[in-house]
Structures are given as structure tokens and as C-alpha cells.
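Chain order of the listed sequences is A and B.
The working numbering puts the first residue of the first sequence at 9, with every later residue one more than the last.
The working numbering puts the first residue of the second sequence at 422, with every later residue one more than the last.
These are computed hints drawn from the structure, not numbers from a lab.
Only true hints are included.
Derived EDC-like pairs: lysine to aspartate or glutamate, alpha-carbon spacing no greater than 20 Å straight-line:
1. A:K144 / B:D547
2. A:K207 / A:E92
3. B:K545 / A:E150
4. A:K39 / B:E646
5. A:K174 / B:E646
6. A:K174 / B:E649
7. A:K110 / A:E52
8. A:K246 / B:D638
9. A:K168 / A:E150
10. B:K721 / A:D53
11. A:K144 / A:D191
12. A:K130 / A:E150
13. A:K144 / A:E170
14. A:K126 / A:E150
Just some of the chain B residues that point at chain A, by a computed CB distance under 10 Å:
15. S463
16. V464
17. D466
18. Y471
19. G472
20. K482
21. T484
22. I487
23. E490
24. K545
25. N644
26. A645
27. M648
28. E649
29. A650
Where a beta carbon is used, it is the ideal one built from N, C-alpha and C, also for glycine.
Single-letter residue listing:
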Amino acid sequence: MKISSIFLLAATLAATPVLRAADIVGTITFKGTPPAEIPLTQMEDNADCMAMHTNTPTTHHYVVGPNGEFGNVTVFLRNADGSEISGKSTGAAAASAVLDQKGCLYDPTILAVQTGQKITVKNSDDCIHNVHAIPKVVGNQEFNDPQQPGGADLSYSFPKSEMFLKFQCDVHPWMFAWVSVFDHPYFCVSGADGKFTIKNVPPGKYTIVAAHRKAGEQTQEVEVKDGNATVNFTFEAK
Amino acid sequence: MNANAPTKINRPLHWFAVATAIATFLLLGAGGLVTSHEAGMSVPDWPNSYGYNMFAFPISKWTGGIFYEHTHRLWASVVGLMTTILAIWICVKDSRQWMKWLGVIAFLLVVAQGVLGGLRVTMKMDSLGIFHGVVAQTFFVLTCAIVLFTSRFWIELASQQKTFSVPRGLRSHVLFVTILIFLQLILGATMRHQHAGLAISDFPLAHGKIWPDTNPDAIARYNAERMEATNVNPITAFQVILQMVHRIVALVIFAGVAAAVGLSVKRLGKKDSLTKLAIFWLALIILQIALGIATIWTNKAADVATAHVLVGALSLVTGALWCIIAFGRSAKSPETQNETFGAFGTFAANK
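For reference, chain B alone in the conformation it holds in the complex (with noise of 0.2 Å):
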């Protein structure tokens, strides 16, 4: 195959891609509802489920918690045996070596992410479970940027000789929110994996202050005050900071993604994709703070919580491809060619 020959679009690659991303996203929501129910360790072994094969365990079986956690271990399976397909295919068929590395990460990754999410049960580590919920969502940024590394869009742009640049300092202030955005993420994944519930059960007040007593004392009140319900742990001051430092995070992104937009309608224009995109983005950060708030206010409600993370990952990966889209614009355009970086010029090449 021609490496410098410019490369064809796949459409049955590219809806394969979609499809891949589309189950991935599923895949998130079905993970979110398993430590939504506290369902995470419902099944004690792995691979198999209470003894069976997992393809073979009696659907009479699947009651309370073991309905989450069986179903999204069979769905994994999906998603894995279809990235397994993707990956070969992309090798098979794409032209471009970058993207048939791309292919094998996302296959390495959603084999590691299979076997950390089986010794998180086996080795009853709570701190694997939050390892698990980040290289989901890493997983999902990946699928969704092979779907648009595969797209038309994408190959046309690296077809073109000049595109229009997204100016530097643009480019790193998204940059840089979408990391933010990830580390966000991590608070996040290592709050709902305390198995503590709701730390803080008021809003906008913590505790009825603005910000919460986390002396011994106070502590021992919350747990006391709290008649729960489930099999929650009780809250501890590490859990009520966490939250608090959760809340401050999400109106530090509130306002990134906010200015992003300005800066994009002023350096892009009202028209440009990329304005588009962040106006979009800034829509799901505001539905992403009422649908934290309403997590508080209703109890930490499994679907609530669990669109809060569904609609938290939808915003990690909007960043994510707005920095690739901008990058790989910029990569062409000869005013910014020198500042690129290489891998990105070799992107935009299709070498």
C-alpha cells in the first residue's frame, strides 16, 4: 500500500466506528447504573457469574443487583468483540500507520479495561473500580476520535492544502479545559466509588454552611443525622472535601467552557464549526451542573447519577475531538504550520 497515497473514504469502516462508539456510550451508561445500584460486587466471581459461564448464567438469576452488573459484563462483551473487528479492520484496510496503531490501543485498552473491571471483583479493590470508570471514559474518547478519523470531514480536511487556523492561545485554553474536564472525572469516579452516598446532602449550602464543619465532631453528626437506607459506608472528611473541591471544579469548567465560546465566536466567527461545537459544549456543561445538583437533590437517584456521568463523558469527548479538529486545522495552515506539533502535521498529512 501507498503510505503517501492520500487515503479513501470507508464508509462501512466509518459506520462501524459509529456503531462502535454508540455501544461504548451504552456500555458507560450500563457501568454507571452498576455503581449507581451499589450492584458492583453483586456478583462475587469472575469471569464467571456465580458459578456459570457468563453466557450461560440462567436469566431467572438476574435479580436485584445481578441484573446491572451481569447485563454490562455481557454488553463489555459486545463492545470488546466489536473493537476487536474495528482494530482488525483498521489494519486491514486503512492506509494510514498512525491510525493502525489507534486501532491497537483501542484494542489493548479494552482488554485492560475488561481485566481490570474482573480483578476489581476478585481483589475487592475499591480503588480499581475508580481505574475502571477513567479508561471507560479514556475508551469512549478514543472510539469517538476513530470515528472521526475516519469520517469524510476528517479526510477532506487533510486533503485540503490551506484551512483556516484556530489561533494558539485558543487552542491551549480548550486544551486545557478538557483536561480539567478529565481530572474532573477522576473526582468524580473516586466520589461514587467511596460507596459512601451523598457526602454532602444539601445544595447550594454543604451542610447547611457554605463551607462544611469536617472536625471529628461534625462528622460524627453527619453519620448520625443520616438515616440510610442502603448499604452505604459512612462519610468521612476526605469524602465531604472531595465533594466540595467537585463543586468549585464544575464552576471553574462552567466558566473555561463559557470563555471558550466568546473567544471562538470572537477569533472564529459565529459561523465556524468550531464556535458551533463550543456552543455545544457549553450546553452540556450546564445540562452536567443540573444534573449534579439534581443528584443531590434527589438522593443521588441512580438514573440522575448516572446521566450525570453519561452526560460528563459526553463532555470529555467534545473537548477532546475540538482540540483535534483545531489542531489538525491548524497543522495545514501555513501561518501556523511551525507551532504545530509534528504529530499533528503527520496527522493532517495522512502519513
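Next up, chain A with everything else stripped away, as it sits in the complex (with noise of 0.2 Å):
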């Protein structure tokens, strides 16, 4: 090769500004006031729970900070005409994502995963707990099984996307926890603080979505392509 084609391609590429994946960040607020939560009652009838607890607990539906700040959203993309992104996932490789009973309540009690990714189910109480998720999609299977205290800890993963998948506790009717399943890798859940960040987002246009169980769904267009994208969420009460 010349050296002078040589020089050009490398002048060419040095103009040509490298395109690495890069994060999406951002933060969601609540404006208003959300519904108030509703204490567990039926939590006041058994000992073994309320043993871990100084005061009846509440639903946790919505978790707002002082400022506003809105967490527990579940944050994904999808490309940019809308339609979801699938085969994507890396959840085999992933590591495993982890839902907790503690207090007889799941922690966190809203997760999300990829499809294939092993979700680790402990029981760190002193009580029996049963673990039975229901899914919706065909293809993602019921089970019910059940955990003793101290006992070992339990595996699923899912095949299947899936938003809200909810698993429960029917010892103990007031535990739920709801998962969403990804065929991929783009998507997080926003913290206490409102802020949220979806890692390694390969450059281009994309559709960024921010769902929550009860304020709904709003979507953004974002494109990924010089270092991170900011993308911010505002959610009003109703």
C-alpha cells in the first residue's frame, strides 16, 4: 500500500469521530400530591410478621421523596419506531438479580431482569413464606413453591418479555413484588432519589419509556451518539 493512502486513511479517521455505546441518565419527579398510601391491616393479625415491624407498614405504590423525586419507575428502551427491542438479552450471562422477603414484605417490590436472567428469591425471615409468580405471556411458567425460614434460596428465570409480572406470597396476602422481563439489556429501575441510568446504550435513536404501575406510561425520543444522553420524566398526580 502507498504511503500516501496510508496517511489519507488515517487523516480519514481521525476526523471521523469514534461512536462508542454510552449511558442514557436522567431523573424522574411526581408533581402533586400522590394517593395516600393504605396501612397493611391484615398484617396486625399475625404476630410472626408484626414481631418485625414497630408500626403497621403501608403499600409502597408510589415513592416519592420530598423534592418530588419519583422512584421505583421502571425505565426501558425500545427502537425508535416504538416497537420493542428483542433478542438483545444477555441475561444468561447476567448476574442474578435478587427479590428478598424481609419483614414479610418482597424487597424491592418492583425489579426488572432479562429474559434467561436467574432471579435469586431469599427468605430472610423467621416464618414460611410461598413464592408463586403468575405470569400473563405464554411461554413464561406459573409456579408455587414453597420456602421455609433459614431455608435454601430459590431460581427462576423467565424466556419471555413480559411488563409487571407479579409475583406473591399467599401465606401472607399483602406481599407482592412485580417484575418486568427484557428480551435486552436497555432498561433500569429509578432509585429513591428520582435518578435512573441505562448503561451501555449503543449509539443511535431509540424510544425511552418510563412506566409506572399507577401514574403510566410516557415516552420520550432519545438518540444515543456523543457520550451520555440526559433524559428527565415528570409525572403529575391526577
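Please assemble the complex out of the two chains, which come individually in their own frames, going by the hints.
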């Protein structure tokens, strides 16, 4: 190859910006006053569970901070045309997601995983729970397994994507958690500070979705091209 | 045994039948509490309980939903045993061939009911839960019918040469209303086994209207506004419509039973036992409607919802027994013998 060609190629490469995967970050806020949470009065009849609390716990449908920081919102990407991203799952190699049962409550109550990713269910309580998942999508299997106090962790995974798949304990009917399953790794759940980060998103245009079981769903367009992209969402009380 | 000889009253058998029917009624309540407390899947295995033999499961582990589900299984075993004894007793001691078959049917039905309940758990099928609930009601009717057929009242009725018949139109009317109550029970069982809590949480309106919106936006709004404190499934349009149909059928049943009272007074007279039974039936229906409203107003409190199930069962049994007695009387009556089903003619003749 001639030296002049090599210089021309090097100059072209130097002029072309290198497109690398980047993160999509943002903050989710809630404007107004969310509906009041409900005390879990059924727990009051259960001495084993109440022994782990000083007051009767409440539901946690809305996790809203003092300045409107909106937690427990599931944030994920779709293709630019709004269709679901599929076939990109790295779940089989991903670290296990953990769903714990502490104080007769699920922790966390909102979880997001990939298809094929292991979910480890722990029982940190001194009482029996049953782990009962009720998927709606064909291909995801319902299961209902006992879990003794101090017993072995249970492991599950789901092969199909599904939003808000319910986990429940039938021994303690106030216990429920919602697990969203995606066929790609581009998702997260906002923290108590309302912040979220979707890591290592390939360059390109996407639709970003913020979904909350009660507050609804919002979408925006986002493009990852040159470093991190920032998208913020604001939900309002109805 | 001479099949043509009049049946003798067997008091110990009759009272054992009464005990079995009462035990079945209590089991209906126990089963109702299981569903009302959403505890149907709290014991994931069957016939064992958390790996223990059902009869050896430690009491210390009967906590939360396990208490309702496990005690219901234990009581079901008692009812199964009592039904088996009753069936054998009838086969050995009752001279009526059709009663022996009734005893066999009762035994087979209680076995089927136990298996249905077990399969509902192991196969994780809500639809089997609906069948289990409906078969329970049917079995309760059967045990009460056996009580009637072993009673002094029935045996003496059968031995009478003539009885005061019940007009065919009245019999048909009550039979129709009883069937409607059975369909209403199926509706109710279907509603309860959606495990979605209250699809409509207000009364007398429904989501603030006479007829609620069921479009997707409305359903999404109902789910968004509901702050559930238990693991109920999301509300669907089907469930909203189901509850509305349940409310409408309740009104039709009320009108039907009220008409049955009026017709009985007019055609049988105020002092007739069937008229009094019809009045009791109407009182049950009024109570049932009140309990249905209370179920909504108390946000489906478990004890109220279970009472609603039990009074529903009593309403079905009352209608069924009214029909059996009415057909039995009419079979003996010279005016109506030709128009009565042959089987009831057989019942009345105790052959």
C-alpha cells in the first residue's frame, strides 16, 4: 500500500468521531401529592410478621421523595419506531437479580430483569413464605414453591419478555412484587432519589419509556451519539 | 329386602345425614374463607402440606393463609369420611333402590370434590377453583336432599294415598328460579376466582355510573386509582361486566322469589308448608342482597364475603327442597299424577 494512501486513511479515521456505547441518565419527578398509601391491616393479625415492625407498614405504590423524586419507575428502551427491542438479551450471562422477603414484605417491590436472567429469591424471615409467580405471557411458566425460614434460596428465570409480572405470597396476602422482563439489557428502575441510568446503550435513536403501575407510562425520543444522553420525566398527580 | 314394602323411618340414619349436611355447610364456610382470604395457593403441595402428611402438619406452622387452607383440607377429610359412612349406611339399611344410588353418587361426588381441590393447587388453575366452588354447592344440595328423603316428613308423605298437589305452573316457576340461583352461584364463583378483588367498588352506582365504562382507558383508570393492599390481580373489562350481570340477576331472582311467595299464597294458601318455605326463601334472598351490598361497602371483608357465599348456598338448597317436596306431593295427587315426571312418581311410591 502506498504511503500516501496510509496517510489518507489515517486522516479520515482521525476526522471521524468514534461512536461508542454510552449511558442514558435522567431524573424522574412527581408533581403534586400522590394518593395516600394504605396500611397493611391484614398484617396486624399475624404476630410473626408484626414482630418485625414497630408500626403497621403501608403499601408502597408511590415512592416519592420530599422534593418530588419519583422512585420505583421502570425505565426502558424501545426501537425508534416504538417497537420492542428483542433478541438482544444477555440474561444468561448476567449476574443474578435478588428478590428478598424481609419483614413479610418483598424487597424490592419493583424489579427488572432480562429474559433468561436468574432471579434469586431469598427468605430472610423467620416464617414460611410461598413464592408464587403468575405470568400472563405464554411461555413464561407459573410456579408456586414453599420456602421455609432459613431455607435454601430459590432460582427462577423467564424466557419471554413481560411487563409487571406478579410475584406474591399466598400465606401473607399483602406481599406482592412486580418484575418486568426484557429481551435486552437496556432498562433500569429509578432509585428513591428519582435518578436512573441505562448503561452501555449502543449509538442510535430510541424511544425511552418510563412506566409506573399507577402513574402510567410516558415516552420520549432519545439519541445516543456522543457521550451520555440525558432524559428527564415528570409525572403529575391526577 | 322387599322393595315394595313401605320404608321404615331410620332415626339414627336420618340424624347422621343431618350431621353430614351441617358438616358440609361448615365446610362451605371454611372453603369460602380460603378464597375470601386469597389463601387458596398458600399450601403449594397436595395431598401433603409443606412436605408433611396432611394429618401430621405441625400446628405451629398454621400461620397466615396456611391456617385457612390447611384447616379447610382437614375438615374436608372429615366430611369425606362422614359421607362415606352415610353412603354405606344407606346402601345397607335403606330399602329404596334409588336412595342407594343417591348414596353412591354422594360418595363419588365428595371424592371428585377432593380431587378437584387438590388439582386446583397442583395444576395452579383458577378455572378448577370455580368448578370446586360450584361442585361444593351441588354437593350441599345433595346432602340436604338425603336429609329430606330420610326424614319422617318425607316417608310419611310417601305413604299417604292422596296429597294436596302443587300446580304445575307454580312448580315450574320455582324450578326456574332455583336454576337461576344456581347460575348466579356460578357467576359468583367465577367472580371470586378471578382473584381481582372488587372489580366495581361502589354501590348502587358502578364506577360512578349506572352502567360503567369498560373501554381500555377506563379500565386503566380503575386500576390506577385503586390502591390495593393485597395481591389482587388487575381489574379487567370482563370482570366489570361480570359483576354488573351478577347485580342484575340478583334483582331478577328477588322478583322471581317474591312472585313465588305471591303465587304460593294464592294457589296453596297461607298455611301451606310450601308457602311458609317460600316466605323463608324470600327472607334469605333479601339477606343475600344485603350481604352482597355489604361485601362492596366493606371492600370485600372476608367474613362478609364468606357469609354471602353461605347464604347463597342456603338459597339454592331452599329452592331445591321446595321443588322436591312440590314434585313429591304432586306425584301422589290424583289430579297431577299424569303430568309428573315418572321418577318422582317412583320417589313418592318409595319403590
